[in-house]
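Protein chains in written order, with the numbering used here: chain C, 1 to 611; chain V, 1001 to 1611.
It should be emphasised that the hints constitute simulated quantities derived from the structure, not laboratory data. Nothing here was measured: the structure is a model prediction, and the numbers come from that model. No residue lacks a Cβ here, since even glycine has one placed at the ideal position from N, Cα and C. Please note that a few of the clues may not be correct.
Straight-line distance between alpha carbons at most 30 Å, and here's what the computed BS3-like set of lysine-lysine pairs gives [claimed, not checked]: (1) 1111(V) - 1236(V); (2) 184(C) - 236(C); (3) 1111(V) - 261(C); (4) 1291(V) - 1340(V); (5) 431(C) - 194(C); (6) 1431(V) - 1236(V); (7) 1258(V) - 1340(V); (8) 261(C) - 1104(V); (9) 1236(V) - 111(C); (10) 431(C) - 1490(V); (11) 1258(V) - 35(C); (12) 1194(V) - 1236(V); (13) 288(C) - 1291(V); (14) 1234(V) - 1194(V); (15) 184(C) - 288(C); (16) 1035(V) - 258(C); (17) 490(C) - 1184(V); (18) 261(C) - 1184(V); (19) 104(C) - 1104(V).
Chain V is nowhere near these chain C residues, computed Cβ spacing over 12 Å in every case [unchecked claim]: (20) 58; (21) 162; (22) 312.
2 protein chains.
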Amino acid sequence: MDPLKAIAPSDFPFDPSTVCGLVYGGRTIVRIPLKPDEKLYGLGLQFQGLNRRGKVYHLRTDHYSRGNERLHAPTPFYISSAGYGVLFNSPRYIDIYAGIGNRKDSPNLPKIRDRNTDRNWQAQPLSDSVEASVYGNGMEIIVFAAPSMLDVVRRFNLYCGGGVLPPKWGLGFWHRMRSLASDKEVIAEADEFKRRGFPLDVIGLEPGWHSKSYPCSFEWSPSRFPNPQDFLNKMKERGIQINLWENPYISPNASFYKAIKPYTGSHMVWLGLVPDFMMSQARDIFTKQHKECHLNMGVSGYKFDEVDGYDRWLWPDHAVFPSGTSGEQMRQTYALQIQKMMMDVFRSRNQRTYSLIRANNAASSAYPFAIYTDHYDHRGFITAVVNSGFCGLLYTPEIRSAQSGEEWVRRMQSVCFSHLVQLNGWFSNTKPWSFPEVEDRVRDTINLRIRLLPYIYTAFAHYHFEGIPPIRSMVLEPDYTDSERSENQKLDDVDNPYAEAIREDVTDQYMFGKSLLVAPLFVGETARTVILPHGKWYDFYTGDYVGNGEVITVQPSLDRIPLYVREGAIIPLLKEVEPIALMRCPIALEIRHYGALPSQTVLYDDDGENV
Amino acid sequence: MDPLKAIAPSDFPFDPSTVCGLVYGGRTIVRIPLKPDEKLYGLGLQFQGLNRRGKVYHLRTDHYSRGNERLHAPTPFYISSAGYGVLFNSPRYIDIYAGIGNRKDSPNLPKIRDRNTDRNWQAQPLSDSVEASVYGNGMEIIVFAAPSMLDVVRRFNLYCGGGVLPPKWGLGFWHRMRSLASDKEVIAEADEFKRRGFPLDVIGLEPGWHSKSYPCSFEWSPSRFPNPQDFLNKMKERGIQINLWENPYISPNASFYKAIKPYTGSHMVWLGLVPDFMMSQARDIFTKQHKECHLNMGVSGYKFDEVDGYDRWLWPDHAVFPSGTSGEQMRQTYALQIQKMMMDVFRSRNQRTYSLIRANNAASSAYPFAIYTDHYDHRGFITAVVNSGFCGLLYTPEIRSAQSGEEWVRRMQSVCFSHLVQLNGWFSNTKPWSFPEVEDRVRDTINLRIRLLPYIYTAFAHYHFEGIPPIRSMVLEPDYTDSERSENQKLDDVDNPYAEAIREDVTDQYMFGKSLLVAPLFVGETARTVILPHGKWYDFYTGDYVGNGEVITVQPSLDRIPLYVREGAIIPLLKEVEPIALMRCPIALEIRHYGALPSQTVLYDDDGENV
């Protein structure tokens, strides 16, 4: 059955006559009504907050810059708590006024108050609609209605082609080498993982594998990788995949520099050519070299860097491309173009990949790429993990370094409960065992992640076939009662001259797969509160009952990231940990059942590699 | 003689055939060549840095947000060290790539380096041109050439109508009341200034003078100002001007709400109507009430607030205005519209004003408004003072509060050597004497400012008639040797993954009038270096020789802001300090002459009030 049709039909969610469109002042403008109590979620890979209502978003692709508007993934899709979603399907920079900006002709105006004397005066009176605009003449708007917010997300993901089903190895442990590592160093590092008993499934090579980088040659460095085929064979014997870093900006030392030059933009990035991947000629030239020099030799994926920002080294919005695409359109969609191009190459080989990309946008749920980002605030990273599931995005809150063993463990715990478990030591050269006092805890954490492979792989199968994100904000859970609260702030003539209130959303816990609730701790914390949805919940580690529809306070030791399981949940785990690519059937499983309620579950399996 | 013609003619500064223009992707794009050693200055009221080369500027009007792009005054005008200036005369948001963004067809490409191994690899290779673009079809570009950078600035200012000559009282001491002060409180405060021997020329009333604010009624509060004419008379007797705060967003309680409603925009600000001042009907209705209820009664100026940003409470870029002006164009020019409108009202009364505004743009040098801003970083404030003179802007680094007496003195010293000396206690309710341990020092500082009135008024006359900014960056001085330096930074995978260098410009000293060099100190400092231009320099206070074209280190006490005077300079000071509006001829002067060189000077004077 068509999975889209399996979602119950819903009426169009609002009176279409209240939707307005207008072309004025060079912009296309649309207005969509809001009810007073609606909350809005989504709008890309956001590092702050959850409910988007009451803010302005200038959505554009860039590095993360501590705000809500320049984002690695500025997906112009929002989900309303009233049970519908709206996609502004435009490759332009989009300005979205999410329930703010009152019009004088609105029939639902807030009460006007006197700031001089009325303590209830508001700095930002909410409005009765979402207004969005782009430069240019036209924009497609797609409305997704469904019985619940989760079904809206599913409908959106299925409409976009369903979710990614990564190769199994992609869900294992990823480690990235320091930038200038040689083949010998990589092999020694892999063997060190084995010697110390740490799982390892993917090694990422950073810029130094290229003969030249920034701009890139895409050719193996003759000094650091004199015999790449031999190197890749040795990795394969060990069950370890090789992932190659690159940015797509082409050095004169690339073999295809001259061939691709006519199909590149007016401006360069780090003095490298910028391929116009809207042209099949550019795609063909680029992928032919990649197949010959990487994929045919055994490379399993890429990390596409620098496709986000900053402005000062990417092409300007006024850049000219031979396909006629504007610099702005190219900026908003470049990561999508690369993902589509590379996915097609892997598919043509009947090979799955799981790769990395530094930017994204709408309709990417089927692309086998996880985003990695700038920034290194642990809380912000977790907020992004929580928000990723609204918009069909995968994200890794990668770990790079830490100030202490405690921080190292806490970060390792949370990356192990994310879409992609990556240690990125390109600069810090950190290893899982770099903090000897917590080496055992780190190993246990990674082992738990690997042992959960059957459960996680099934979660991705649900994503693939039914559009259910493997990581979900609590507000997408049916039995969850939202507990955001708004706190008034003191007036301050430097930092808060309008005494604006701050809204506190729940951005530090989330669902992982069907039945696991993850509540990470941050450095310095020995206790935290966890909001449990209605229904009985159990401690993952002990099986103890912990609560039902309530706020609990937990004091876990440093050993454990708090994990809770629904009544009746069945969690399958591997009995043994080994490199995923070397696993052979039959595989021994441990099956855990929580609570007393009889239940059943689906355990999805396939060969884990082919398309 | 036409003062523009008094500036020596110059050739067009570059080969016109190297200037490119293009309309592509909805944008108008222009390219202007740069020589390798050119430095660029200007681009609005910048709070960071001096030389603009090598950065990207998305110039748009907004509150200050710690970057270079959303600015209170995003003037799209730059001055090149090669002796020319360029004005992008557009009411659009303008993106400017100031010597960055290399094109593949450039004949002057930097050397491509391998980041893997070449330590001289650069994160941001500089380009050979400035590229600017706006959305829309067309943009006027005006090039100003002159023998020196100062002459370029003069030419720009004179082209825009010359500089402001404020009324004399505008150059005195300004004090703002707490927001809800009553008439009695204002009178008592004025008398307290007199009792304590502090000069006072202007009192600003904050939102509480309105019967309603945010949005505003523009009517006197019957409870706080029951008899405004009587109040204004009492102020006049004391020689004190009254300045009224307002934002231009119209409350239903304004007498002209219904009349102006047809001439307002689609969106509201704090639920107040937004007048479309591009329509004469809106201007006439707005100014008629202001004349009747404020100016005819004796009000001498305004503080126009909230005409900058933030997005979340100003109208959106997609707002519709009855004149057909776009929301974006309105945003970029609203402060200019208000200044022009109010200046015309004052001129029609043969009355000068000196007023405040929170935003600005190009061609405002003739408007009698100084910018005041968000933000309260003392160093950033001084940087903005230094940068203001490039673009025909006046700015007050107003003081509001301080953490210590030392900070209070240091901030007071620097605001006393700015375009407008304002203490803004709307929230903090701070007075000049709020730090008793430094009360005498603060009084001395303000007295010095007032005593310098003849010198400062003459400096503004040079601005008015010759376009010479009263405050100038050192780089505009003919005998100054620029000493910017670039410092390499360490690679850091969180904050600086490309090891970008930081350029250190001289942003903490400036020329004030013809002959005074000001070198403010910041809290915590007991010494600083000062870069002296070539020629002999003397200490303002002692007359001692201090150096010639060299870097000196000075250790001034807390009493004094370091001030240095050129050889031969003649500085006129008032002998006595009293409210400027009560001064009557003849006025006794003290004339100081520095160094040994015989010289002459111009001392400008007029009635100081009429147009």
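* Is residue 288(C) within 30 Å of residue 1291(V), Cα to Cα? -> Violated - the C-alpha atoms of residue 1291(V) and residue 288(C) are around 75 Å apart, more than 30 Å.
* residue 1258(V) and residue 35(C): Cα distance at most 30 Å? -> holds, 29 Å
* **30 Å Cα cutoff - pair residue 431(C), residue 1490(V)** => holds, 22 Å
* **Pair hint outcome, residue 184(C) versus residue 236(C) [Cα-Cα no greater than 30 Å]** => holds, 15 Å
* Asked: Is residue 1035(V) within 30 Å of residue 258(C), Cα to Cα?
  -> holds, 29 Å
* Report holds if the minimum CB distance from residue 58(C) to chain V is greater than 12 Å, and violated otherwise. => violated, 8 Å
* Asked: Within 30 Å, alpha carbon to alpha carbon, are residue 261(C) and residue 1104(V)?
  -> With Cα atoms ~9 Å apart, residue 261(C) and residue 1104(V) stay inside 30 Å; holds.
* Asked: Given the hint that residue 490(C) pairs with residue 1184(V), does the C-alpha gap stay at or below 30 Å?
  -> holds, 28 Å
* Is the straight-line distance between the alpha-carbon of residue 1194(V) and that of residue 1236(V) 30 Å or less? -> holds, 14 Å
* To do: Compute the least Cβ-Cβ separation between residue 312(C) and chain V, then decide whether it is above 12 Å.
  => Non-interface label fails for residue 312(C): nearest chain V Cβ at 5 Å, not farther than 12 Å.
* Keeping to a limit of 30 Å between CA atoms, is the pair of residue 431(C) and residue 194(C) held or broken? -> holds, 13 Å
* For the pair supplied as a hint, residue 1291(V) and residue 1340(V), is the alpha-carbon distance within the 30 Å limit? -> holds, 15 Å
Of the numbered hints given earlier, the model fails hints 1, 9, 13, 18, 19, 20 and 22; all others are met.
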